[in-house]
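Novice: Chains Z, L, A and V, in that order, give the protein sequences. Per the UniProt record's numbering, the first sequence starts with residue 1, numbered consecutively. Per the UniProt record's numbering, the second sequence starts with residue 1, numbered consecutively. Per the UniProt record's numbering, the third sequence starts with residue 1, numbered consecutively. Per the UniProt record's numbering, the fourth sequence starts with residue 1, numbered consecutively.
Hints should not be assumed to be uniformly reliable.
[Said to hold, decoys possible] Taking lysine-lysine and the BS3-like style, the derived pairs with C-alpha atoms no more than 30 Å apart in a straight line are:
id	chain 1	residue 1	chain 2	residue 2
1	V	K381	Z	K276
2	A	K234	L	K215
3	A	K276	L	K384
4	L	K276	A	K381
5	A	K234	A	K155
6	A	K381	L	K155
7	Z	K215	V	K215
8	V	K215	Z	K145
9	L	K246	A	K234
10	A	K19	V	K215
11	A	K276	L	K381
12	A	K384	A	K124
No wet-lab data here; the hints were simulated from the structure.
There are 4 protein chains.
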Amino acid sequence: MSEGKALRVAMIGYQFMGKAHSHAFRDVSFYFPNLRPVTLQVLVGRQEERVRQAAARYGFAEVASDWREIVERDDIDIVDIVTPNHLHREIAIAALRAGKHVLCEKPLALSLEEAVEMEMEAKKALGINMICHNYRFAPAVQLAKQWLQEGRLGKIYHIRAQYLQDWMISPDHPMEWRLQKQLAGSGALGDIGSHIIDLARFLVGEIDDVTAVMKTFIQERPFMVENEQDVTGKVDVDDAAAFLAKFLDGALGVFEATRFATGNRNGNRFEINGEKGSLRWDLEDMNRLYAYFVDDPADCQGFRQIQCTESVHPYLQAYWPPGHIIGYEHTFINLFATFLMAIERREQGIDYRNLPSPNFTDGLYNQRVMAAVERSAENGKWEKVMGSAI
Amino acid sequence: MSEGKALRVAMIGYQFMGKAHSHAFRDVSFYFPNLRPVTLQVLVGRQEERVRQAAARYGFAEVASDWREIVERDDIDIVDIVTPNHLHREIAIAALRAGKHVLCEKPLALSLEEAVEMEMEAKKALGINMICHNYRFAPAVQLAKQWLQEGRLGKIYHIRAQYLQDWMISPDHPMEWRLQKQLAGSGALGDIGSHIIDLARFLVGEIDDVTAVMKTFIQERPFMVENEQDVTGKVDVDDAAAFLAKFLDGALGVFEATRFATGNRNGNRFEINGEKGSLRWDLEDMNRLYAYFVDDPADCQGFRQIQCTESVHPYLQAYWPPGHIIGYEHTFINLFATFLMAIERREQGIDYRNLPSPNFTDGLYNQRVMAAVERSAENGKWEKVMGSAI
Amino acid sequence: MSEGKALRVAMIGYQFMGKAHSHAFRDVSFYFPNLRPVTLQVLVGRQEERVRQAAARYGFAEVASDWREIVERDDIDIVDIVTPNHLHREIAIAALRAGKHVLCEKPLALSLEEAVEMEMEAKKALGINMICHNYRFAPAVQLAKQWLQEGRLGKIYHIRAQYLQDWMISPDHPMEWRLQKQLAGSGALGDIGSHIIDLARFLVGEIDDVTAVMKTFIQERPFMVENEQDVTGKVDVDDAAAFLAKFLDGALGVFEATRFATGNRNGNRFEINGEKGSLRWDLEDMNRLYAYFVDDPADCQGFRQIQCTESVHPYLQAYWPPGHIIGYEHTFINLFATFLMAIERREQGIDYRNLPSPNFTDGLYNQRVMAAVERSAENGKWEKVMGSAI
Amino acid sequence: MSEGKALRVAMIGYQFMGKAHSHAFRDVSFYFPNLRPVTLQVLVGRQEERVRQAAARYGFAEVASDWREIVERDDIDIVDIVTPNHLHREIAIAALRAGKHVLCEKPLALSLEEAVEMEMEAKKALGINMICHNYRFAPAVQLAKQWLQEGRLGKIYHIRAQYLQDWMISPDHPMEWRLQKQLAGSGALGDIGSHIIDLARFLVGEIDDVTAVMKTFIQERPFMVENEQDVTGKVDVDDAAAFLAKFLDGALGVFEATRFATGNRNGNRFEINGEKGSLRWDLEDMNRLYAYFVDDPADCQGFRQIQCTESVHPYLQAYWPPGHIIGYEHTFINLFATFLMAIERREQGIDYRNLPSPNFTDGLYNQRVMAAVERSAENGKWEKVMGSAI
């Protein structure tokens, strides 16, 4: 058990991601007992009664309604931002300037402009910052990363990545914040497309150039207004986004993010093909990595199904014996362990310059790709990821 | 959040199952916030330093070395038994007599005699008792149970169930307690066979008659004695057990539990065939239930792969949106939620006579099947499950 | 192309197997052009009009109604027996005595007594004989055999094999010959159980001892009598048979053959576990072999899915480039190629003593296993495969 | 059996496709006995000895070296073109003008110009014409088509289709004709991309607009010249092509064809998402269709695995009982049955105006898509499929 003083967390927001994050904070010390302990100090939100309920359930000591006060409090070490996207910028910058360690949900910002500003602040900040692309932290994905870094796949030719969902296929699904550009920035692109962009950057490298299409299949939806069910609004974000990509190192990418892939609840998948082998992964079956190696004997070549639950697999020593699977929430626990480890190293003066990944710079690069996708979807041309004026 | 006073837990034992149970106690209130809160009060074990470390990691307030004192303490509500099997009987009976709520790891006992005694005590006890056949509590298995109860599969013809592992295939694997009859009772049969017997009883019903084979492939193994690596012992439990079963309701069962199924880390699988449909499940892919219905139109009949992560699926409202999988540990959380719910109902005088399942009576019935398997493996004949003198 | 004179075939019977066999005879020379060509000479059956139609479709030059005349004709080289089981013995013996090469469908006989007689005749005969356990000839199964022979799985611990079908689950399915003991010998056991026994003998070795259960779920069924739909008969064969087996070399076997496994059309499956690895195969996905090797590095162990369509795989050079699958009918084509090759070698005086497998001796050994299964299902005891008086 | 006079076939070319086609001609009458019989009359090729060997193996009555003479012979009914792509145009036009029924391998032509010319000739011709996009004729694909036509998937939102191969990943793979633009027209795009374009057009409808990338990963390869292994050539076709597509009816398409997807031997796959359901198919597992329907009850929604081997499935009555799979070659047999049926109907004056699909018009539309892909890959813009001057 770590002897260190507990790190106190203020969390801004309390919905789906609030639940995932507070759970991860509670569990991380159990599975990674050598890390600094964590205290859930303040939960911040505007609807007092709801915040109070959430705080009781999640285990926060206090509640508050004004995030500005909270992020400056001396007794707060970590600011965790799980609000709708349009609030990320302001909160993150305030927290960074206050010297806090900052966790921010993805996508980093509403726009490339915002992301640039946030990343500049992050570069100057004393605290650790990370962005919650949690799927990197599935052990199978970490294993893929190890092998790619070691060159076990050789030169990479292809990545095809999809994030397929279907929870909005009903025209009756209401105009929630994720369907409004001013609150969400974009639709499927930012919400789920950003995850596969992050995985591709993590595993294959930087994208140079994209051509894209974005589409809104259902353009008008009802607002959730009591007693006024016929008030509808215009959906101004994408239901689906697809793009072709050229990577700096020569690989080709094919990407697709959609909320209209009927039957796919959470189909975050990729396949990577290299000269020496290939890898496949699927979030709905997230404990398995499928791997093919060209060096296998000619009569027994084939994708092998690797249950990534061995003690030799990344992060697995924290959990259970072989064959006992972990789930969605453990991707957060692993990410948070990485975050806490980085805080500890920084506070000990080790790795002073290094940040764990993915951090705000990754968020910015991701946003650059998304911005290029949006420009291309607009103008019909290939767009350089670094081609923006910003 | 429940307003009730916290239930205080004493846990006897602290290895693999100690970790799983203490985690579940910590998490259950987060996911099921309406249940009575739980406090991890005392962790009991004989090796003081190790117990202390475990208690710190798991979050117990105290440690102790003598379980006899602890199970009688007034401030203990729940006694959780995660020791090697040979200690179950004595501790459970003491805890039951002391009026505690008792959770006991499986198999219930070393022998049918012990199980009979334990169940008699449980019947007389005031507290709730359960046995930790946690795999019943995978949402996919609960869904299977619902459908079977509703008759959606009609009359059942077949169950074939396997629990396949391979962690002992190396002859160098040491003579741990699970390989010694006096500590474990049996080998693969009690350790993993008991799980598939429980699933079969839960889903299909009572077994009437069995014929069995048990086998020890590696009969001599090294003890883990420092500086004396050549001390070996004779394995006196089964490496593998298989049996045919006739169910009271006419179904046929084929069962196999083995630690020598190379490549299978945790292959707990079943297929059930009924006149109206079939079901398949596999622990390594535990979020999915595969279901076939004869009433589907002729041109689109086939096993459907149901990702049991919808809010309509059992226990799922406690967790995440559709498509976000849960893992091994959640089977314990669900079992523990059921246990806590039963305690609450009993303390409120509701359901006074009813016990949740699986309880010590299930443990006894399970042991009867195992005893019949052992008798049959010994004498080569079909043995009635209720055919024992006891 | 082979320069040899065409081998002339007389086929007795013309239903499902008649179609499969005549197709294989037609195709075998196309895929294996170096073999002796084959002529479909006479098709024999009792219902003249139907035989004539079948002969036209299958491409036979003549039809006949009396097999006795045909099997003695000088211009017939091969007698192919695809009748219901009760006719196998008489026809096969006549054909063997007449010096013909004989192909016989499985199971070899109605009873062990018949099988013993047939095998004795086969031993004395000049011609080649084979029994049509065609599933041995799936390339994936042949590959499994190669590896097992080379010792790539080490000592074998387990085989579990199932043949699961569901085409008789309706109580309205009529009393066809396969449901009558005097015509079929047995039910699921002989019809599909014999296939998995054959695969187990081929891959793992001889079975020493069995304990079994056989069951008839639907005991009365309608006859197909025109204008008399209410005539029913008693089913006197098994709908399902299951047995445990001890192999001579120490492996344990678990076998199940049933026509009541709803949703399984043709689920002929096995898994073999050895000390160095494991194999899985499924007829419904017959081009793939799944293989696990313990020697794989610790971080990338897993069953690999081998698409057995490479030119290095058994029989595949006859067919298509990698990734182009073959189907059910090719198992017959491969078997027939083996049969024709053996005829050629025998006629050239090569391999004079050797017979290809599976032959009538395999059929007899298979029948011994089935007889032991039937005895055990009757008397409830373990029965030695070689334990019969015969 | 059909009473009609046999249709006599002249086949031009004799490699891989020559084998597939001649086998299909041999087998089609066996499985579809009511069709006109077929005689393999003349095999045409330039290398006399090889043609003679192939003719003997495939069963052709004659050989010839000059296709011009042959396509005009009165005793030839069907001209089947299986040459490298650069010969399609000249032979097809001659055969069409000679009034023959014409089968042509895909892609139809080297260029859009050629395709336009060929299609115009086909429109004027008396004979039936088809192009061999055989994968349409997998029963699972035909079943998908039926359901799409019946509207069982509702409005279509997405198709993602891949054709992934890896047989050229070695830099030592020689400069065969498929790697030379003047002989092949294009690389992966025409060879395998044309197949997924055909499937998409068949199942979803016409493509309006595309943006594309094409890439040659290995740009120089050795020629197969005896004694001169160091002669290399420049690969001037694509190793991989990917494109985004907008369909006329509003669906989005994502397409990828590559010879560099290591581990994928023949990965021709698609997924289609509609408002009422989704479908998945994979050539390597071609007997199965995976289908999801939104109308399934909430607790049992999931992709069902439909083994398309039931008698109610398209073309299946010709083959085997449920659960007995067919293979790659049967896609040709089904296509050829369709072709022969169309010939019969035309000769009987039925359906005089109708042609079976896919025919030369389909080939032309396919070529328009490929031409747009090539233009877009060249100029970086979205290109209208009908936007060419031609």
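Novice: Could you run down the list of hints and mark each one as holding or not?
Specialist: Verification of the supplied hints:
no.: 1; hint: V:K381 <-> Z:K276; result: violated (33 Å)
no.: 2; hint: A:K234 <-> L:K215; result: violated (40 Å)
no.: 3; hint: A:K276 <-> L:K384; result: violated (37 Å)
no.: 4; hint: L:K276 <-> A:K381; result: violated (33 Å)
no.: 5; hint: A:K234 <-> A:K155; result: violated (45 Å)
no.: 6; hint: A:K381 <-> L:K155; result: holds (28 Å)
no.: 7; hint: Z:K215 <-> V:K215; result: holds (27 Å)
no.: 8; hint: V:K215 <-> Z:K145; result: holds (25 Å)
no.: 9; hint: L:K246 <-> A:K234; result: holds (22 Å)
no.: 10; hint: A:K19 <-> V:K215; result: violated (48 Å)
no.: 11; hint: A:K276 <-> L:K381; result: violated (33 Å)
no.: 12; hint: A:K384 <-> A:K124; result: holds (27 Å)
Hint compliance for this structure: hints 1, 2, 3, 4, 5, 10, 11 are not met, and every other hint is.
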